[in-house]
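2 protein chains.
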Amino acid sequence: MKRAIILASGGLDSLVTTAIAASENEEIYLLHVNYGQRTEKKELECFEKICAHYKPAGVLKTSIDYLTKIGGSSLTDSGMEIKDFTGTTEIPNTYVPFRNAHLLCIATSWAEVIGAQSIYIGAVEEDSSGYPDCRESFFESFNKTIALGTKNSFTIEVKTPVIHMNKAEIISKGIELEVPFEYSWSCYRSDTEACGTCDSCVLRLRAFKKAGVTDPIPYRRKTL
Amino acid sequence: MKRAIILASGGLDSLVTTAIAASENEEIYLLHVNYGQRTEKKELECFEKICAHYKPAGVLKTSIDYLTKIGGSSLTDSGMEIKDFTGTTEIPNTYVPFRNAHLLCIATSWAEVIGAQSIYIGAVEEDSSGYPDCRESFFESFNKTIALGTKNSFTIEVKTPVIHMNKAEIISKGIELEVPFEYSWSCYRSDTEACGTCDSCVLRLRAFKKAGVTDPIPYRRKTL
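Top line first, the protein sequences correspond to chains A and B.
Quick note: the first sequence uses my numbering, first residue 1, plus one each step.
Quick note: the second sequence uses my numbering, first residue 1, plus one each step.
Here chain A stands alone, though its shape is the one from the complex (with noise of 0.2 angstroms):
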C-alpha cells in the first residue's frame, strides 16, 4: 500500500502538494501544524476545507506554538513588523527558525507509527523569499538523518514535488489537477482579506497573474 503524510499548511503550494500526493499514493494522510504565526485561524479553516475535499485515511493537528517563546520571526513575534514586498534578496524577518524541520520531524513520528513510506512538503527553492530550509540540499540531508535516526523496518522519503517550480507553473500544475484554489491562503498579515503587500500575497498575485488566471481569494489591494 503505497502510503503518503503532506504537510498542509492551507498554503497554496502545500495544496497543490497535496494534488499531487493523492495523485501517486493509494492513501494520503495529512498533518497541519499550528506554529504560533499569526494568521493560523484562516490557515487551519483553509485545512479542513482542504480536507473535506480530498478525503484522507487519516488527519493530525498539532501545535508547536513554543516557537512563538522562541521567538526570531515576525511571523511568531506579534512585536516585530512584517515588512511590505521588496525584492531583495536576504533572508526576510518572516524566516522561522528551522521551522521545517520541526514539521518534518512530526510527519516522520507520525510516518514511522502507521507506516508511511513518504512525506510531502509543499518547499520552493528558487521563487521564494530564499529560507534556508527550504533548499534542496536539506531535504536531502533531512533524508539522511531519517534514515539514521529511525527503526529503518522500511524506507521514509521526504518528497519535495514543487521545489524547482516557479509560483506560475505551480499554479498551472494546479489547474491541471483541478485543486480548490479557494481553500488556500498565502497572506503573512492578515487572516480575513489578504494585504496584497507583504512578501507572499505579491508572490501569489503575481504568479496568478503569469499562468493568466484569477486568484479567487479576497484581497485589501492588489500589488504587482
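No lab work stands behind these hints, which were simulated from the structure alone.
Remember, it's a predicted structure, so these values are computed and weren't measured experimentally.
Ideal placement from N, C-alpha and C gives every residue a C-beta, glycine not left out.
Treat the hints with care, since some could be wrong.
As the list claims (entries may be wrong) - Computed, partial: chain B to chain A, Cβ under 10 angstroms: (1) F98; (2) D133; (3) R135; (4) R220.
Using the hints provided, position chain B relative to the given structure of chain A.
Quick look at chain B alone, frame taken from chain A:
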C-alpha cells in the same frame, strides 16, 4: 561568549551532561521538553531542582505531547505495556519514534535566536537500549542538516559528550563534577518510587553498583 543549550530531561545522563557543559561554557541555557511520557511530573520536578542548582542564564520549558497522539511507544501510549528488563538486543517498545530529532529541532531554533554555538545532549550509544536516534552517526547527520537548514551566520553544533561512556563511567564523571544525583529520575514507570525492574532502572542500578556508589533515589525493589 561561549554559549550552550543543554537538553535536560531530568534524567541521569543529561544531568551529567549539564555539568560537563557548565564546565566548558561561559553561559548555559537549559531546555526541558515534555513529550507526553508517563513520568513527566517527576522529571519536571527534577529539572526545576537542576535549574536551581546550576543557575542557567535562560530556561525554556516546552511540550511536544502530540507524540501521545502519534503513539507507537509504551512511554507515550498508556495502552502499551512497559516490560521488565530482559537484556535483549532488540529495540524495546519504549523507543519513541524519532524523539531526539524533535528535541534537537527545538534546541536549534532557540540556538539560532539566542546565538548559542553548542547544543548538548546526553545520548548514550553502546550501553543503552539501542534506540536509533542515540547513534553517533545520527547526530553527525543532524549537524549537517542544521548547517544546511539554518541562516549560517554562525555554526551550531550538537555535542554528545557521554555517547561513548558506559553508565558507570557517566556516574564516575558525575562524581568528579559533583553533580546532585538526587535530582535525577530514570524510571520509565513510576513517578513516586522507582520500580527498579524496567530497563532504565536496571541499567541505572547496575551502573551505580559498578561505580561503587549508592544511588540516592528511592526504589520499590532493586533488581541487579
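Status of the hints after comparison with the structure:
The restraint placing F98 (chain B) at the interface with chain A holds, with a minimum CB-CB distance near 5 angstroms, inside the 10 angstroms limit. Nearest Cβ of chain A to the Cβ of D133 (chain B): about 4 angstroms, under the 10 angstroms cut. The hint holds. A distance limit of 10 angstroms between C-beta atoms decides the matter here; for R135 (chain B) the minimum to chain A is near 6 angstroms, and the interface restraint holds. Because the closest C-beta pair between R220 (chain B) and chain A is about 31 angstroms apart, greater than 10 angstroms, the hint is violated.
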